[in-house]
Amino acid sequence: MEYEVVIGLETHAELATVTKLFCGCSTKFGAEPNTQVCPVCLGMPGVLPVMNKKAFEYALKAAVALSCEINNFTNFDRKSYYYPDLPKNYQISQNYHNLGINGYMDIIVNGSVKKIHIHNVHLEEEAGKLIHSEDSGANYSLVDFNRAGVPLLEIVSSPDMRNVNEVDSYMQTLRKILLYTEISDCKMQEGSLRFEASISLRKKGSDKLGNRVEIKNLNSMKSVIKAIEYEAARQSELLDGGKAIDRETRLWDEVNGKSARMRSKEEAQDYRYFPEPDLLPVLIDEKWLSTIKSSIPELPLEKKQRYIESFKLSDYDAGVLTEEKVLINLFEECVKIMDRPKAFCNWITNDLLREVKDKKLDINDLKIKPKQLASLVEIIEKGTISSTIAKEVFSEMIQTGKEPQKIIEEKGMAQISDEGLIESVVDKVIANNPNVIEDYKKGKKNALAFLVGQVMKETKGKANPKIVNELLSKKIVDIN
Amino acid sequence: MKIGIKDIEYIATLSRIELSDTEKEMYVHQIDDILSYIEKLNKLNTEKVKPVTHTVNINNVFREDRLETSTPLEVVLLNAPSKMGAFFKVPKVIE
Ligand SMILES: [Zn+2]
Numbered sequence: 061m062e063y064e065v066v067i068g069l070e071t072h073a074e075l076a077t078v079t080k081l082f083c084g085c086s087t088k089f090g091a092e093p094n095t096q097v098c099p100v101c102l103g104m105p106g107v108l109p110v111m112n113k114k115a116f117e118y119a120l121k122a123a124v125a126l127s128c129e130i131n132n133f134t135n136f137d138r139k140s141y142y143y144p145d146l147p148k149n150y151q152i153s154q155n156y157h158n159l160g161i162n163g164y165m166d167i168i169v170n171g172s173v174k175k176i177h178i179h180n181v182h183l184e185e186e187a188g189k190l191i192h193s194e195d196s197g198a199n200y201s202l203v204d205f206n207r208a209g210v211p212l213l214e215i216v217s218s219p220d221m222r223n224v225n226e227v228d229s230y231m232q233t234l235r236k237i238l239l240y241t242e243i244s245d246c247k248m249q250e251g252s253l254r255f256e257a258s259i260s261l262r263k264k265g266s267d268k269l270g271n272r273v274e275i276k277n278l279n280s281m282k283s284v285i286k287a288i289e290y291e292a293a294r295q296s297e298l299l300d301g302g303k304a305i306d307r308e309t310r311l312w313d314e315v316n317g318k319s320a321r322m323r324s325k326e327e328a329q330d331y332r333y334f335p336e337p338d339l340l341p342v343l344i345d346e347k348w349l350s351t352i353k354s355s356i357p358e359l360p361l362e363k364k365q366r367y368i369e370s371f372k373l374s375d376y377d378a379g380v381l382t383e384e385k386v387l388i389n390l391f392e393e394c395v396k397i398m399d400r401p402k403a404f405c406n407w408i409t410n411d412l413l414r415e416v417k418d419k420k421l422d423i424n425d426l427k428i429k430p431k432q433l434a435s436l437v438e439i440i441e442k443g444t445i446s447s448t449i450a451k452e453v454f455s456e457m458i459q460t461g462k463e464p465q466k467i468i469e470e471k472g473m474a475q476i477s478d479e480g481l482i483e484s485v486v487d488k489v490i491a492n493n494p495n496v497i498e499d500y501k502k503g504k505k506n507a508l509a510f511l512v513g514q515v516m517k518e519t520k521g522k523a524n525p526k527i528v529n530e531l532l533s534k535k536i537v538d539i540n
Numbered sequence: 006m007k008i009g010i011k012d013i014e015y016i017a018t019l020s021r022i023e024l025s026d027t028e029k030e031m032y033v034h035q036i037d038d039i040l041s042y043i044e045k046l047n048k049l050n051t052e053k054v055k056p057v058t059h060t061v062n063i064n065n066v067f068r069e070d071r072l073e074t075s076t077p078l079e080v081v082l083l084n085a086p087s088k089m090g091a092f093f094k095v096p097k098v099i100e
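Residue numbers (my numbering), protein chains in the order written: chain A, 61 to 540; chain B, 6 to 100.
Hints are computed from structural coordinates only; laboratory data are not their basis. Honestly, I wouldn't trust all of these hints.
Said to hold, decoys possible - Over the 10 Å line for every Cβ pair with chain A, so calculated as not near, a few chain B residues:
1. GLY9
2. ARG21
3. GLU28
4. LYS29
5. LEU46
6. THR51
7. VAL66
8. THR74
9. LYS94
What the hints assert, rightly or not - Derived contacts from chain A toward chain B, CB cut-off under 7 Å, selection only:
10. VAL78
11. THR79
12. GLN96
13. VAL97
14. CYS98
15. LYS114
16. PRO144
17. LEU146
18. SER196
19. TYR200
20. TYR333
21. PRO335
22. PRO341
23. ILE368
24. LYS372
25. SER484
The C-beta atom is built at its ideal place from N, Cα and C for all residues, glycine as well.
Produce the entire structure from the sequences given, and follow the hints as far as they go.
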């Protein structure tokens, strides 16, 4: 039987605030356990949460960027459930008056635009982190509350996606929007961006939705894709065998590439939401909303399109360049200084990203300044250094932040264009390689390339290759 | 009776607490009394009253995103029924 796969995604993003949602504790990742906690985020009796304005505005910004209708009255609700990572036994979230509803995001799949509806965008608090003992016989778990109370944005899509390509594009585009608006650092490896998928199958042509299965524990975009493929296959096999799909939550097991039913969910889910009495409602007026609207930068799809049209970059290059905020900033600052978009694009998408990958650098820690990359391009155009040497200079620039001119001087890398100097090396190479000269005369044209190589080697790559070529060609002809 | 033993058992399960039969019997009556008392509100005509979530007429109370000192670890763990190193220790959670 042929089925249509119906997919929706729930996205959680930790907001890039300095402090937690309801208290002044730090949100910094990686601190010693339980050192970024206070009575408020530990849920001690009698404490009062007070909303972090920046967190609220970030959430509002996300809702606006995702074209949501903004509720001018929003309120917070308690979601009650009992789990040891939740110190208060309820999570402060939004249920009755979400910040934003009925939004959408355009994604590009195989060159065409598809609109994915956003059901709602709301603000809530993070739970703590549970650490399970590696010893399977251990009868305890450990809790670190540093993460408890970190502001968390939840973005719920409508079940509008039909295949993993659409899911992939949705995740990439959403991540870029959150990065561009500087709402979240989106570090999936630190858990600050997470996805959960819900999947159901229906007969092709039917408009009745099947029972949906939720998948959790997806730690990377790759896991999301793999888990959806696995789940679609699992459900189609069940349906083909005449079996029903249970509405359930499953946990993805990355190591074994499969999912298993989540035990705790066999119990009833009943969150008994009610309005949070400790937090006051937030009214959003037109003035505030328009300030937020004007703070939204150019968003991913528009930016990519502009790069392709104004800078004549390829679709691929524009895609790579618009992937990371740092790359965008570097590129845009560079083209402001010097109108060489293609050259800057090449340095960034090829050399910079290769260095980052090879040397395992953190892209956010790169030292290179736009002015320096522009100088480098200028130096190359002037012929001061060859492109091979330029790569060496660049590699040092991104790690040290030194001026290219300084690196060239310090290392004596400047290109030798002094004909007299080059000539002496050329003469030496000719004298040392009589056999090669013979070969050349017998018609082995690539012998010349070998000789050029020798001259470059002697000059440590600094000789101006054009002059070397000219001199060599002339001299060889002269030898008779 | 507004509620029965089954409701009490359901709430107890959600709240992860274990109740004896005597306790269940006791709570059914206590909660039922409370619900019956609150029921009186239904006699009021609220047709022209807007639903409210808060009794004070204040909105938009915020704090700035400014770092404050967190509680020292030894104080944090003072109230922990059980701890291990810098962690709170809880019965094993299985997922
Ligand atoms: Zn705190």
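Outcome of the hint check:
Every CB of chain A lies more than 10 Å from the CB of GLY9 of chain B, the least distance being 17 Å, so the non-interface label holds. The Cβ of ARG21 of chain B sits about 5 Å from the closest Cβ of chain A, inside the 10 Å cut-off, so the non-interface label is violated. Residue-level check passed: GLU28 of chain B sits 18 Å from the nearest beta carbon of chain A, beyond 10 Å. Distance to chain A confirms LYS29 of chain B as a non-interface residue, since its nearest Cβ pair spans about 18 Å, more than 10 Å.
Interface exclusion of LEU46 of chain B from chain A stands, the closest Cβ pair being 16 Å apart, more than 10 Å. The beta carbon of THR51 of chain B sits about 17 Å from the closest Cβ of chain A, which is more than 10 Å, so the claim that it is off the interface holds. Its beta-carbon lying about 5 Å from the closest one in chain A, VAL66 of chain B breaks the requirement of being farther than 10 Å from that chain. Taking the minimum C-beta to C-beta distance to chain A, about 8 Å, the non-interface status of THR74 of chain B is violated against the 10 Å cut.
With a minimum CB-CB distance of about 5 Å to chain A, LYS94 of chain B fails to clear the 10 Å threshold, and the non-interface call is violated. At its closest, the beta carbon of VAL78 of chain A sits 5 Å from a beta carbon of chain B; the interface hint therefore holds under the 7 Å criterion. Look at THR79 of chain A: its Cβ gets to within about 5 Å of chain B, closer than 7 Å, so that hint holds up. Here the hint on GLN96 of chain A is kept, as its CB sits about 5 Å from the closest CB of chain B, short of 7 Å.
For the restraint placing VAL97 of chain A at the interface with chain B, the shortest Cβ-Cβ distance is roughly 6 Å, inside the 7 Å limit, so the hint holds. A distance limit of 7 Å between C-beta atoms decides the matter here; for CYS98 of chain A the minimum to chain B is near 5 Å, and the interface restraint holds. Taken as an interface hint, LYS114 of chain A checks out: its beta carbon lies about 4 Å from the nearest beta carbon of chain B, inside 7 Å. At about 4 Å, the closest approach between the beta carbon of PRO144 of chain A and any beta carbon in chain B falls short of 7 Å, and the interface hint on this residue holds.
Violation of the interface hint for LEU146 of chain A is found here, the shortest Cβ-Cβ separation to chain B being roughly 11 Å, above the 7 Å cut-off. The interface hint given for SER196 of chain A is broken, as the beta carbon of that residue sits about 10 Å from the closest beta carbon of chain B, more than 7 Å. For TYR200 of chain A, the suggested interface contact is upheld, since its CB lies about 5 Å from the closest CB of chain B, less than 7 Å. With a cut of 7 Å, the hint placing TYR333 of chain A at the interface with chain B is violated, because the nearest CB-to-CB distance is about 12 Å.
With a least beta-carbon distance of about 4 Å to chain B, the hint placing PRO335 of chain A at the interface is held under the 7 Å criterion. A least Cβ separation of about 5 Å between PRO341 of chain A and chain B falls short of the 7 Å threshold, and the interface hint therefore holds. The criterion of a C-beta within 7 Å of any C-beta in chain B is not met by ILE368 of chain A, whose closest approach is roughly 37 Å, and the hint is violated. Given hint, LYS372 of chain A at the interface with chain B, is violated; its Cβ is 41 Å from that chain's nearest Cβ, farther than 7 Å.
Given hint, SER484 of chain A at the interface with chain B, is violated; its Cβ is 65 Å from that chain's nearest Cβ, farther than 7 Å.
Going down the numbered hints, you'll see the structure goes against 2, 7, 8, 9, 17, 18, 20, 23, 24, 25, while the others check out.
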